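> As a plain string of letters, each chain reads:
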Amino acid sequence: MTPTGRGRLLAGWGRACASAAFVAVPGSAEEVADLLAQPGKHLARGLGRSYGDAAQCAGGTVIDCTAMDRIVELDHSSCTVKVQAGCSLDSLLRVIVPRGLFVPVTPGTRHVTVGGAVASDVHGKNHHRDGTVSAHVANLELATPTGPILCGPEQDNELFWATAGGMGLTGVITEATLRLVPIETSRMVVDTVKTADLDSCMAFMSEQDAAHRYSVAWVDSLARGRNLGRSLITMGDHARAEDLPTKMRADPLGFSPRQLLKVPVTPPVSLLNPLTVAAFNEAWYRKAPKQRTGQLESLSTFFHPLDGVGDWNVLYGPRGFTQYQFVVPFGAEEVVRRVLEKLSSARAASFLVVLKRFGPAGKGHLSFPSEGWTLALDVPLGIRGLSVVLDDLDEIVAEAGGRVYLSKDGRLRPELMEVMYPRLEEWNEVRSRVDPKAVLASDMGRRLSIGGHSSSSRRRPAGAGAR
Amino acid sequence: MNDVTGMPQNVVVIGAGADISRAILRSLAGHRLSSVILSGRSLESLEGAVKDLHSLKVEKVEVALLDVTDIGAIERFADLAAQRLGTIDLVLIAAGVLGTADLESLDAGVVAFLATVNFTGPAAIMTAFARVLAAQGQGRIVVLSSVAGYRVRAANLVYGAAKAGLDGFALGLGDALAGSGVKVVVVRPGFVKTKMTEGHSVVPFAIDASAVADVVVRGLEKDAEIIWAPPVLRYIFAVLRIVPRPLWRRMPR
Chain Y
1 MTPTGRGRLL AGWGRACASA AFVAVPGSAE EVADLLAQPG KHLARGLGRS YGDAAQCAGG
61 TVIDCTAMDR IVELDHSSCT VKVQAGCSLD SLLRVIVPRG LFVPVTPGTR HVTVGGAVAS
121 DVHGKNHHRD GTVSAHVANL ELATPTGPIL CGPEQDNELF WATAGGMGLT GVITEATLRL
181 VPIETSRMVV DTVKTADLDS CMAFMSEQDA AHRYSVAWVD SLARGRNLGR SLITMGDHAR
241 AEDLPTKMRA DPLGFSPRQL LKVPVTPPVS LLNPLTVAAF NEAWYRKAPK QRTGQLESLS
301 TFFHPLDGVG DWNVLYGPRG FTQYQFVVPF GAEEVVRRVL EKLSSARAAS FLVVLKRFGP
361 AGKGHLSFPS EGWTLALDVP LGIRGLSVVL DDLDEIVAEA GGRVYLSKDG RLRPELMEVM
421 YPRLEEWNEV RSRVDPKAVL ASDMGRRLSI GGHSSSSRRR PAGAGAR
Chain Z
468 MNDVTGMPQN VVVIGAGADI SRAILRSLAG HRLSSVILSG RSLESLEGAV KDLHSLKVEK
528 VEVALLDVTD IGAIERFADL AAQRLGTIDL VLIAAGVLGT ADLESLDAGV VAFLATVNFT
588 GPAAIMTAFA RVLAAQGQGR IVVLSSVAGY RVRAANLVYG AAKAGLDGFA LGLGDALAGS
648 GVKVVVVRPG FVKTKMTEGH SVVPFAIDAS AVADVVVRGL EKDAEIIWAP PVLRYIFAVL
708 RIVPRPLWRR MPR
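First to last, the protein sequences are chains Y and Z.
Taking our numbering, the leading residue of the first sequence gets 1, the next gets one more, and so forth.
Taking our numbering, the leading residue of the second sequence gets 468, the next gets one more, and so forth.
If you're looking for bench data, these hints aren't it; they were derived computationally from the structure.
Just so you know, not all the hints are guaranteed correct.
The calculated label-pair distances, taken between Cβ atoms and stated as ranges, are [what the hints assert, rightly or not]:
1. Y:ALA37 to Z:ILE703: 57 to 67 Å
2. Y:ARG224 to Z:LYS518: 36 to 46 Å
3. Y:ALA196 to Z:ILE709: 53 to 63 Å
4. Z:GLU692 to Y:GLU371: 40 to 50 Å
5. Y:ARG224 to Z:VAL706: 38 to 48 Å
Quick caveat, the model's predicted, so the values are computed rather than measured.
Built from N, CA and C at the ideal position, the CB exists for glycine as well.
Modelling step: build the complete structure from the supplied sequences, incorporating the hints.
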């Protein structure tokens with residue numbers, strides 16, 4: 001199995017700073033092992049949904065895992081499934097939902113691979129109840145430069161927790177066994193509440209979200225002053241059979257989500273600018289009723305609304321976009337407001353602003369979620385001085401004891417890495433045990449001086465905020 | 468690496484003593500700049516840039532001698548730079564000499580020298596680094612062209628002609644590198660008040676080196692491939708380019 005031909009340009013979902021790499025498409029764990037034995041740097045890639053440079057390996061070999069997409073074994077009695085790492089949540093859900101099972105955690109898109117989900121240790125709207133995806137993984141088959149290793153919370157748990165959220169730098173996940181969730185229907189029972197500003201949104205969520213398995217708020221980032229942070233909070237639970245009206249009961253587990261449309265070409269300029277986004281937000285907010293309870297929604301409408309529009313990322317135009325997602329502990333609510341205000345005054349129109357309460361942190365060394373508020377905003381690139389605006393936000397977040405999400409990142413200042421991720425050294429020790437020669441590398445790893453690129457270019461001591 | 472906002476970490480500069488180079492480096496140091504190789508014709512010419520970067524807390528600053536007319540040294544220099552930095556994110560090529568355009572003092576030797584300093588050397592350097600950057604799958608080559616090359620005037624005909632060649636070479640190289648992860652950025656400043664232009668009478672839309680640096684960094688931010696400094700020159704030269712020759716010839720300089 002050798003990568004052939006010229007390199008291919010690969011970018012993240014934000015479509016900025018593409019780099020070229022050879023791409024190999026192995027079909028089995030053995031072929032992955034063969035690839036890792038070849039000279040040069042290597043990195044696994046799934047469906048390319050991380051926003052920045054996490055799944056790029058400039059000048060090296062990118063191991064495209066999407067051909068390893070089989071469901072190996074579905075055990076209905078124990079609610080577990082063993083899948084190859086390149087299997088997408090989309091194809092997994094199409095098989096398991098009609099059988100009355102659901103994934104324990106899903107991010108905002110179905111178009112991620114299971115391997116990628118574990119490498120990012122993704123969270124969903126149920127984090128406050130169920131934690132991240134790694135809390136529901138029984139074990140992983142990991143191809144490392146020092147050989148294949150089976151790891152999980154029970155065996156070689158150090159390596160397992162280094163891999164959950166490890167951004168692919170501990171090895172190539174080739175198989176994963178997940179614990180699934182039984183469901184009676186493929187519908188959600190959803191309550192929606194409109195709040196007039198950020199404070200009432202946060203107060204409501206703090207009070208109410210323990211009562212629901214899933215909860216999230218959409219925040220209007222362009223509304224200013226009094227309206228800053230006006231929000232729509234949605235809370236949901238899996239519908240039981242008796243929640244369905246009679247006509248739906250014939251097929252309670254039907255699941256065939258479709259892409260409604262696809263953006264056909266990259267527009268020459270971003271179509272998502274302050275004007276269009278403000279108009280959309282106004283309409284979206286006004287359209288929603290003040291309060292609505294018990295609405296039935298399909299799984300895809302509730303969990304993956306953006307999957308209805310294929311390649312929506314090109315709407316940001318050729319320059320692309322980034323997503324700024326951070327978490328700060330409870331008590332640092334003010335940081336959420338300041339971030340919204342600063343981005344709003346930088347005219348960084350955010351089409352998608354999502355606020356959620358995280359439950360307690362998991363055990364992954366570099367896993368992002370920790371107890372507190374998380375806010376995620378899409379930001380178009382090319383705005384004057386954006387780099388400095390985001391650096392300022394990083395300082396505020398770090399000072400509050402928070403961190404940014406690596407799977408969304410493409411620009412964090414390297415010296416903040418160990419401030420935000422204090423278990424970095426511990427992670428690196430485990431990583432160098434399985435990859436002593438630093439065969440695994442990513443553009444993100446090089447940029448942040450993590451992985452096999454530690455400390456050589458980390459220039460100032462931790463916490464130094466001066467620019 | 469270059470980050471998503473367009474800011475590089477590891478940079479190589481050819482002609483690092485030039486005022487524009489220094490200003491661009493100071494500006495990049497305010498973002499992600501962490502390792503730099505500064506090169507120039509003499510070590511003394513680099514002292515100012517070294518001092519700038521140390522005071523801005525850039526971690527690693529190295530200096531190297533490189534005479535752009537020493538074509539034989541160029542490939543080796545590119546390989547050495549790659550070795551020293553590991554990854555090169557941005558190569559800034561700012562070597563150039565205005566020279567004379569006075570027919571009395573021009574001769575074959577002077578024309579050949581100015582052509583080498585302003586075209587052959589920089590083009591050879593771009594080629595060498597294009598190879599290095601393509602192998603690493605990413606990187607940017609930022610080359611200082613000039614509005615003088617957009618339409619050559621009698622007043623700086625050798626410099627202008629050499630820059631015209633360099634500008635065309637850079638655009639063509641950028642196209643040839645499409646899909647490799649390497650981008651070529653062409654900067655076209657107007658009259659810049661620097662050491663190089665000292666003693667020349669200032670023309671309209673003249674700017675200083677730090678203003679050029681702002682425009683260049685703004686261009687990196689926008690991922691521009693052609694940067695005019697100041698930006699308004701794009702429109703002015705669109706007109707000047709089609710002014711009839713009899714008129715062009717009589718235009719004040």
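> So, for every hint listed, does it hold in this structure?
Quick rundown of the hints versus the structure:
no.: 1; hint: Y:ALA37 to Z:ILE703: 57 to 67 Å; verdict: holds, 59 Å
no.: 2; hint: Y:ARG224 to Z:LYS518: 36 to 46 Å; verdict: holds, 45 Å
no.: 3; hint: Y:ALA196 to Z:ILE709: 53 to 63 Å; verdict: holds, 58 Å
no.: 4; hint: Z:GLU692 to Y:GLU371: 40 to 50 Å; verdict: holds, 46 Å
no.: 5; hint: Y:ARG224 to Z:VAL706: 38 to 48 Å; verdict: holds, 41 Å
In terms of the numbered hints stated before, the structure departs from none.
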